[in-house]
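Engineer: Each chain, letter by letter, is given below.
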Amino acid sequence: MLTARRRVRTRRGTACAATAVACSLLLASCGGSDGGSADSRTLRLWHYEAPNSAMGAAWTEAIKEFEARHPGVRVKFEEKSFDQIQKTAPMVLNSSDAPDLMEYNKGNATAGLLSRQGLLTDLSAEVTERGWDKLLSPGVQTTSRYDANGVMGSGKWYGVPNYAEYTMVYFNKDLFAKYGLAEPKTSDALVAAMDTFVDKGITPLANSGAEYPAQQYVYQLALSKADRPWVDAYELYQGRTDFHDAAWTYAAKTFADWVKKGYLGKNAVSAKAEDAGVSFLQGKAPILFSGSWWYGRFQDEATFDWGTTLWPGSTLSPGSGGNLWVVPESSGNKELAYDFIDITLSKKIQNLLGNKGGVPVAADAAALTDPKSKELITQFNTLSGRDGLAFYPDWPVPGFYDVLVSETQKLLTGSVRPDDYLDALQEAYDKGVPKT
Amino acid sequence: MTATTAARARRVTGGRHRAVHPRRARDSYALFLLPGALAFLAVVVVPFLMNAGVSLTEWHGVGSPEWTGLANYRALLDDTEFRESFRHSLFMVVAMAALPTALGLVLAAALFDHVGKHFGSRTAAVLRACFYLPQVLPVAVAGIVWSWILAPDDGSLNEFLRVVGLGSWRQDWLGDPDLALYSVMGVMVWVQLGFPLVVFMAGLERVDPQLYEAAELDGAGWWRRFVHITLPQIRPEIYVVLTWCTIAALKVFGAVYVLTKGGPGGATNVPSYFSFTTFFEKTQVGYGAAVSTVLTVIILALSLVGLRLQTRAEDAEEGPRP
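Chains as they are written, first to last, in the working numbering: chain A, 1 to 436; chain B, 437 to 758.
Quick caveat, the hints were computed from the structure, so don't treat them as lab data.
Computed from a prediction, not measured in an experiment: that's the story for all the values here.
Possibly wrong hints are sitting among the right ones.
[Unchecked claim] Calculated cross-link-like contacts (lysine-lysine; reagent style DSSO-like; alpha-carbon spacing at most 30 Å): (1) Lys697(B) x Lys284(A); (2) Lys156(A) x Lys173(A); (3) Lys697(B) x Lys266(A); (4) Lys261(A) x Lys697(B); (5) Lys173(A) x Lys372(A); (6) Lys80(A) x Lys697(B); (7) Lys697(B) x Lys272(A); (8) Lys687(B) x Lys80(A); (9) Lys156(A) x Lys178(A); (10) Lys87(A) x Lys697(B); (11) Lys156(A) x Lys266(A); (12) Lys185(A) x Lys260(A); (13) Lys697(B) x Lys431(A); (14) Lys687(B) x Lys272(A); (15) Lys435(A) x Lys87(A); (16) Lys260(A) x Lys697(B); (17) Lys253(A) x Lys697(B); (18) Lys687(B) x Lys431(A); (19) Lys87(A) x Lys687(B); (20) Lys374(A) x Lys431(A).
[What the hints assert, rightly or not] Here are a few chain A residues that sit away from chain B, every Cβ distance over 12 Å (derived from the structure): (21) Ala182; (22) Asp364; (23) Lys410.
For every residue, glycine included, the Cβ atom is placed at its ideal position computed from N, Cα and C.
Isolated chain A (complex conformation) (with noise of 0.2 Å):
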């Protein structure tokens, strides 16, 4: 009897310790693996640039110089993709994984949510002490900088961008020179360039439907008949934005009427942003309206000679101050990642951003040789210094961006009419914009 029941405890006692077991693994597979415990001899960095990318090149160069100045320190990286830490950042910043110091997309939706949410170190004593504000222009310093309710433009800084970006007309020259046509240095010029290409059965523009491209000719062309305040009123909510108003109507029935007239393809309808950028370099589209984040690639991969001008007749640009380095709440090496970010601002790193085709915010111009650099960063001190960084359309409300995107494909299928596309943007803005 004695030895049933000490077989039947044995059988039951097994089976608890085969469920503590179950259980302790499940747990075990619920938690993360590689905890973000401080350790002051670590600093723990997420990127998301490309190595071969300006950005990337001089982050690397910057971690090297931390280590040779921190002895002993190590830095840990860890490269993230973009949409890994667009999609991930408030649940990782939440946790006890977040790192000591991270990249992060500006803008309300983004950084602007998390400060609002109270996950990221607010900077404002460090970058006064430091002095990185008088580094930075006054356009690069409006996405540092958010107030309570996560709205970029003032209140404290939670970010520091180290190099800046803008949006620029690249063109083919070797094209316009093979039909006789001069660089587009006004809209007349530009709308005559393209009718010329039409003609000689060329889509003039490169364009992507399924991403950021599109929606960019759309605001661009809305920013050609805006001011500054149109474009407070749209970014920072100071003043209501009607998108029936001249600038967003102009924008919105020129795009149509050039797709009629074939200067943006139909078929880019489905296109990535990719293919937009590879139809130019293939030397199929002569002109790309898009971001200096293409500059050093095509300085790179280009096989014919290409120059670039700012939209013509604006003085308003899509561009703003690079993403941002941000010091999540719960680091445990918040000094360390100052020193990061300080390193990250010195002259040796911005040069060497700026050479590598970046837009460095704290270069020293002699330093920079490379002509094609020196030319990317003398417009870009053009579009600043008339305080004309326009930010990008999808900041304001989250998930504009694919508003944005379904919107501009609509239009370029002709599936709606403007007053409709632009009836749409209004509605998803209108639920988007916080309530104050």
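Given chain A, work out where chain B should sit, using these hints.
Structural biologist: Then chain B, alone, in the frame of chain A:
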């Protein structure tokens, strides 16, 4: 007599013992189910209940959720984008369940009856593997390859049409809002076809060949044999395939994400992609959770219906129990 009685008694006692032991054995075996049940509880039931809880709030994913009751569900009723996404789901059910099941049946019967008999079972097996190949490919890889094939300018399909003199049929397969959903459906038929085919061919293996022989002797042609023998005999497999594929169609995500991202202009948006963008792009976590909850409930209901039909079919096949 005594010995016989004793033996009988032992048998009876033994019988009683055996009658008791299965219950004990069941109790003991039940313990082995416990880890699985706990895992199910931890990774399915609890997250589902948490998701349902979140769906009753307004929440951005961080900070404190704000209780809003059924507001998200009421908003869903008025959300045309959500309704459209479910309408597209029905198209996906056609592409991923109805068409592959129908085509799979015909192909399985053709491979089994004709190819297997005339060209050998090895040829039939190779063809079956070819049809199954898309199931093995990661959907991201298949999606990228198909986006090249369906590209508007230099896509293989348009190039092929041009080469064979059908240049006027060239289309922007994924960019035309009137065509995009059908293009995605076409890709999904290609992806799904192998699964029913393999299941049906396995099902055909267990059909008594004498039934076919008898039918043939009676003069039944291929089609009549297919309708009157093949279909009724593999009805359980048909239910399994239909249930499985319908569930897959309702939760399809990867292909839409890679091929069209729900575009152009929302023409290929489906509930799971809609939920994804609501969660991560719009950071409307409460609303996204409501979409997921509705989707889960629908899938669960359909699964139960499918299982019920399958059980009925199996019961009918086994005949009445004594």
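Engineer: Run every hint past the structure and note whether it holds.
Structural biologist: How the hints compare with the structure:
1. Lys697(B) x Lys284(A): Holds - the C-alpha atoms of Lys284(A) and Lys697(B) are around 25 Å apart, at most 30 Å.
2. Lys156(A) x Lys173(A): violated (45 Å)
3. Lys697(B) x Lys266(A): Satisfied, since the Cα-Cα distance of roughly 18 Å is no more than 30 Å.
4. Lys261(A) x Lys697(B): holds (27 Å)
5. Lys173(A) x Lys372(A): holds (14 Å)
6. Lys80(A) x Lys697(B): holds (21 Å)
7. Lys697(B) x Lys272(A): holds (10 Å)
8. Lys687(B) x Lys80(A): Since the Cα atoms of Lys687(B) and Lys80(A) sit roughly 27 Å apart, the hinted pair holds (cutoff 30 Å).
9. Lys156(A) x Lys178(A): violated (53 Å)
10. Lys87(A) x Lys697(B): holds (16 Å)
11. Lys156(A) x Lys266(A): Cα-Cα ~44 Å, so violated.
12. Lys185(A) x Lys260(A): holds (24 Å)
13. Lys697(B) x Lys431(A): holds (22 Å)
14. Lys687(B) x Lys272(A): It holds: about 25 Å lies between the C-alpha atoms, which stays within 30 Å.
15. Lys435(A) x Lys87(A): Given that 30 Å is the threshold and the Cα spacing comes to 24 Å, the pair holds.
16. Lys260(A) x Lys697(B): holds (25 Å)
17. Lys253(A) x Lys697(B): holds (26 Å)
18. Lys687(B) x Lys431(A): holds (28 Å)
19. Lys87(A) x Lys687(B): This hinted pair holds, its Cα atoms lying about 20 Å apart.
20. Lys374(A) x Lys431(A): Cα-Cα ~43 Å, so violated.
21. Ala182: Its Cβ never comes within 12 Å of chain B, the nearest being 28 Å, so this holds.
22. Asp364: holds (40 Å)
23. Lys410: Non-interface label on Lys410(A) violated, nearest chain B Cβ at 4 Å vs cutoff 12 Å.
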